[in-house]
Amino acid sequence: MKKFIGLIFLTIILLIFFRGFFFKGLLPIPSDTIIGLYHPFRDLYATDYPRGVPFKNFLITDPVRQQYPWKSLVIEAEKNMQLPLWNPYSFSGYPLLANLQSAAFYPLNVIFFFGNLPLSWSFFIFIEFLLAGFFLYLYLQKMNLHKNAALVGALTFMFCGFSVSWGLWGNVLSTILWLPLIFYVKEVLLKKFSFTWIIIFIFAEVSALFAGHLQIWFYSLLISNAYLFVRICQTIKNKKNNNFIFNFAKKYSPFLIVGLVVFGIGSLQLIPTFQFISLSARDVDQSFWQQPGWFIPWQNIIQFIAPDFFGNPTTLNYWGVWNYAEFVGYVGIVPLVFALFAIIFRNDKKTIFFSIILGFSFIFAFPTFLAKIPYELSLPFISTSQPTRLMAIIDLSLAILAALGVDLFLQKSSRKIFFVIGIIAACFVGLWVVVLKFHVGITIENLHVAKQNLILPTILFGISSILIIFYVFIKNKKIQVILLGILLLLTIGDLLRFADKFIPFTLPQYLFPQDKVLTYLQKNSDNFRIMTTDSRILAPNFSDMYHLQSIDGYDPLYLRRYAEYISASERGNPDIHSPFGFIRIITPQNYSSRLINLLGVKYILSLSDIESPK
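Residue numbers for the sequence shown follow my numbering, so the first one is 1 and each next one is one higher.
FYI, nobody ran anything at the bench for these hints, they're computed from the structure. Note that this is a predicted model, so its numbers are computed, not measured. Don't take each hint at face value.
Stated by the list, open to error - Within a straight-line C-alpha distance of at most 25 Å, the following computed SDA-like cross-link-like pairs (lysine to any residue) qualify:
no.: 1; residue 1: 56; residue 2: 507
no.: 2; residue 1: 416; residue 2: 428
no.: 3; residue 1: 56; residue 2: 317
no.: 4; residue 1: 501; residue 2: 52
no.: 5; residue 1: 349; residue 2: 248
no.: 6; residue 1: 416; residue 2: 507
no.: 7; residue 1: 237; residue 2: 249
no.: 8; residue 1: 501; residue 2: 463
no.: 9; residue 1: 349; residue 2: 415
no.: 10; residue 1: 501; residue 2: 26
no.: 11; residue 1: 602; residue 2: 525
no.: 12; residue 1: 56; residue 2: 313
no.: 13; residue 1: 350; residue 2: 193
no.: 14; residue 1: 437; residue 2: 355
no.: 15; residue 1: 191; residue 2: 127
no.: 16; residue 1: 349; residue 2: 413
no.: 17; residue 1: 142; residue 2: 259
no.: 18; residue 1: 437; residue 2: 299
no.: 19; residue 1: 147; residue 2: 463
no.: 20; residue 1: 142; residue 2: 317
As the list claims (entries may be wrong) - Label-pair ranges, simulated between beta-carbon atoms:
no.: 21; residue 1: 514; residue 2: 602; range: 19 to 29 Å
no.: 22; residue 1: 142; residue 2: 517; range: 53 to 63 Å
no.: 23; residue 1: 571; residue 2: 607; range: 19 to 29 Å
no.: 24; residue 1: 110; residue 2: 419; range: 41 to 51 Å
no.: 25; residue 1: 271; residue 2: 81; range: 20 to 30 Å
no.: 26; residue 1: 40; residue 2: 528; range: 15 to 25 Å
no.: 27; residue 1: 271; residue 2: 462; range: 49 to 59 Å
no.: 28; residue 1: 114; residue 2: 40; range: 23 to 33 Å
no.: 29; residue 1: 275; residue 2: 82; range: 12 to 22 Å
no.: 30; residue 1: 534; residue 2: 486; range: 50 to 60 Å
no.: 31; residue 1: 536; residue 2: 196; range: 47 to 57 Å
no.: 32; residue 1: 438; residue 2: 473; range: 32 to 42 Å
no.: 33; residue 1: 480; residue 2: 194; range: 34 to 44 Å
no.: 34; residue 1: 605; residue 2: 437; range: 49 to 59 Å
Even glycine gets a Cβ: it sits at the ideal position worked out from N, Cα and C.
Sequences are here, hints too, so could you generate the full structure?
Right, dumping it as structure tokens:
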């Protein structure tokens with residue numbers, strides 16, 4: 001039982017966070033934005049809410065506009081023993097399986113074969129967070145760290161800024177969560193190859209690929225292979241035999257064979273995905289890399305100690321560079337202290353490795369000289385990937401380093417940690433000086449937001465620092481245990497508050513309800529398509545949920561030829577050159593174009609009467 005107490009503890013903490021789902025029947029999906037933002041759904045509640053139902057977080061509409069509809073189509077096809085090859089309901093029809101974000105082959109899709117879709121989705125999101133914590137906890141235990149240190153690292157990863165910002169997507173966190181398990185399995189296989197662990201290794205690698213986010217998988221692939229290379233080199237150096245190349249090849253060859261098997265299985269997804277990319281208009285995004293927000297702005301480093309210094313989208317007061325979710329890397333005050341403690345004062349090989357990974361991630365996520373090179377050279381794939389997603393690696397590295405720092409502190413109770421406390425204290429003092437005195441260029445309103453959202457992190461840091469200082473000077477073991485318990489509770493409270501503020505749990509009836517307009521279209525559209533005259537009506541991809549064929553769509557990948565066609569239609573002349581006037585979201589509104597006739601549009605949804613002979 002003692003072996004599982006850490007995992008049980010993590011489960012309890014996550015159950016507390018998901019209390020709205022387990023005890024109130026609320027769903028971890030932003031369906032309140034469906035009712036609050038878009039017609040005809042908001043009309044269902046127009047009597048009581050003439051301005052729309054209040055919604056918690058307008059920033060995270062993608063789960064209901066992309067991932068949930070795609071998952072619905074995938075599971076529907078798979079339940080009917082069909083390959084989900086094609087989505088006929090968006091973009092006048094386009095690939096579904098080739099769209100990696102649909103995650104058609106993801107093993108955890110098995111969850112959706114039990115229960116209805118909303119319930120299955122909720123368990124899917126819960127398990128996603130749970131596995132993120134479990135896998136990192138197991139890996140940290142494999143590193144022979146103190147159990148409390150492993151708990152801090154796992155909790156940090158479960159509720160860090162990246163996990164909280166992207167957890168409801170169902171594919172982003174699902175991709176990165178396998179990386180700690182891959183580390184763990186590689187440690188096992190480096191000591192002894194066994195059939196069971198090889199199967200687990202293949203399963204973890206394939207799951208990371210099939211989970212549904214190509215960019216995060218690419219980062220995971222690079223780092224897991226760098227980890228393997230370093231660990232093999234370290235293993236060889238400990239041997240007396242000096243034939244380095246031979247020993248490296250001997251150690252690496254089994255992993256290479258397993259890797260080829262993984263890519264063989266993964267080709268089921270990779271081949272159609274790369275073909276789809278080659279036919280898509282994805283390269284149009286390259287022109288946006290010089291705009292603010294493509295890289296993490298330097299000032300957003302502040303969010304590592306004060307996540308809402310620039311406001312928060314849930315309180316409608318965010319005043320920083322767009323957008324919040326891409327930049328927030330908060331890991332909690334206490335974990336940050338111990339992560340920096342490990343970076344500065346712990347010099348073992350794993351700490352150095354993850355410190356280097358953290359450093360490289362920072363270099364390429366922020367607008368440095370090196371980070372801009374791939375975009376200036378228009379390198380394939382890399383130049384169309386937004387570097388802010390490196391926050392996944394930054395936060396995972398910080399979580400691991402936090403665990404390493406806690407472990408070192410529990411071993412030595414070193415006063416060197418006062419140096420780290422001093423550094424962070426100086427940062428807080430600097431921020432307070434900025435908001436109280438040198439606030440040039442900040443409006444009064446934004447300054448008020450910054451001040452208000454700096455108070456709680458400052459208090460948390462102050463209390464945490466006092467507890468750590470007491471722990472160092474007080475040698476009574478019982479009192480030290482109490483102090484550690486309070487620090488752990490502070491960390492849990494800090495991270496849960498941060499996550500609870502951002503992530504919505506919504507009423508089931510808000511999730512794609514039925515109304516008279518949709519019922520009419522379902523009965524009368526036949527093989528024809530629909531279009532809208534306003535982006536507030538039936539948002540792109542919503543038609544997937546009602547099996548209505550629409551000419552609009554929302555996806556980072558869409559067929560270039562279709563984009564050219566719609567561009568010519570909207571322009572009213574045969575100009576098909578990019579830029580097309582849209583990125584990722586296509587909502588044609590020029591119903592007068594003869595090209596719209598060729599798409600078989602039968603019904604137009606409008607907020608006003610249309611006087612047209614068509």
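Hints versus structure:
For a cut-off of 25 Å, the pair hint linking residue 56 to residue 507 stands: about 12 Å separates their Cα positions. Using a Cα cut-off of 25 Å, the hinted pair residue 416 and residue 428 holds, with the two alpha carbons roughly 19 Å apart. Using a Cα cut-off of 25 Å, the hinted pair residue 56 and residue 317 holds, with the two alpha carbons roughly 13 Å apart. Pair hint residue 501 plus residue 52 holds up; C-alpha atoms about 21 Å apart against a cutoff of 25 Å.
For a cut-off of 25 Å, the pair hint linking residue 349 to residue 248 stands: about 18 Å separates their Cα positions. Between the alpha carbons of residue 416 and residue 507 the distance comes to roughly 50 Å, so the proposed pair goes past 25 Å and is violated. For the proposed pair residue 237 and residue 249, the alpha carbon gap of about 14 Å is at most 25 Å, so the pair holds. Taken as a hint, the residue 501 and residue 463 pair is honoured in the structure, with Cα atoms around 22 Å apart against an allowance of 25 Å.
Restraint check: the Cα-Cα separation between residue 349 and residue 415 comes to about 22 Å, which is no more than 25 Å; the hinted pair holds. Using a Cα cut-off of 25 Å, the hinted pair residue 501 and residue 26 holds, with the two alpha carbons roughly 16 Å apart. Between the alpha carbons of residue 602 and residue 525 the distance comes to roughly 7 Å, so the proposed pair stays at or under 25 Å and holds. Under the criterion of a C-alpha separation no larger than 25 Å, the hint pairing residue 56 with residue 313 is consistent with the structure, at around 9 Å.
For the hint pairing residue 350 with residue 193, the CA-to-CA distance comes to about 22 Å; that is within 25 Å, so the pair holds. Our distance criterion of 25 Å between C-alpha atoms is broken by residue 437 and residue 355, whose separation comes to about 35 Å. For the hint linking residue 191 to residue 127, the alpha-carbon distance of about 30 Å lies beyond 25 Å, and the restraint is violated. Our distance criterion of 25 Å between C-alpha atoms is met by residue 349 and residue 413, whose separation comes to about 21 Å.
The straight-line distance between the Cα atoms of residue 142 and residue 259 is roughly 23 Å, inside the 25 Å bound, and the hint therefore holds. Simply put, residue 437 and residue 299 have alpha-carbon atoms about 18 Å apart, close enough for the 25 Å limit, and the pair holds. Straight-line distance between C-alpha atoms of residue 147 and residue 463 comes to about 23 Å, which keeps the hinted pair within the 25 Å bound. For the proposed pair residue 142 and residue 317, the alpha carbon gap of about 43 Å is over 25 Å, so the pair is violated.
In this structure, residue 514 and residue 602 meet the distance hint of 19 to 29 Å, their C-beta atoms being roughly 20 Å apart. A hinted range of 53 to 63 Å for the beta carbons of residue 142 and residue 517 is consistent with their spacing of about 56 Å. For residue 571 and residue 607, the Cβ-Cβ distance of about 24 Å falls inside the hinted range of 19 to 29 Å, so the restraint holds. For residue 110 and residue 419, the Cβ-Cβ distance of about 49 Å falls inside the hinted range of 41 to 51 Å, so the restraint holds.
Restraint check, residue 271 to residue 81: a C-beta distance of roughly 22 Å satisfies the suggested window 20 to 30 Å. Judged by the Cβ atoms, the range 15 to 25 Å given for residue 40 and residue 528 holds: they are separated by roughly 19 Å. Range check, residue 271 to residue 462: about 55 Å between beta-carbon atoms, so the 49 to 59 Å window is met. A hinted range of 23 to 33 Å for the beta carbons of residue 114 and residue 40 is consistent with their spacing of about 32 Å.
In this structure the supplied range 12 to 22 Å holds for residue 275 paired with residue 82, their Cβ-Cβ distance being about 20 Å. The hint said 50 to 60 Å for the Cβ distance between residue 534 and residue 486, and at roughly 54 Å that hint holds. At about 54 Å, the beta-carbon gap between residue 536 and residue 196 stays in the expected band of 47 to 57 Å. For residue 438 and residue 473, the hinted distance range of 32 to 42 Å is satisfied, since their beta carbons lie about 36 Å from each other.
A hinted range of 34 to 44 Å for the beta carbons of residue 480 and residue 194 is consistent with their spacing of about 40 Å. Checked against the hint of 49 to 59 Å, the C-beta distance between residue 605 and residue 437 comes to roughly 54 Å, which is consistent with it.
In summary, the structure is inconsistent with hints 6, 14, 15 and 20 from the numbered list given earlier, while agreeing with the others.
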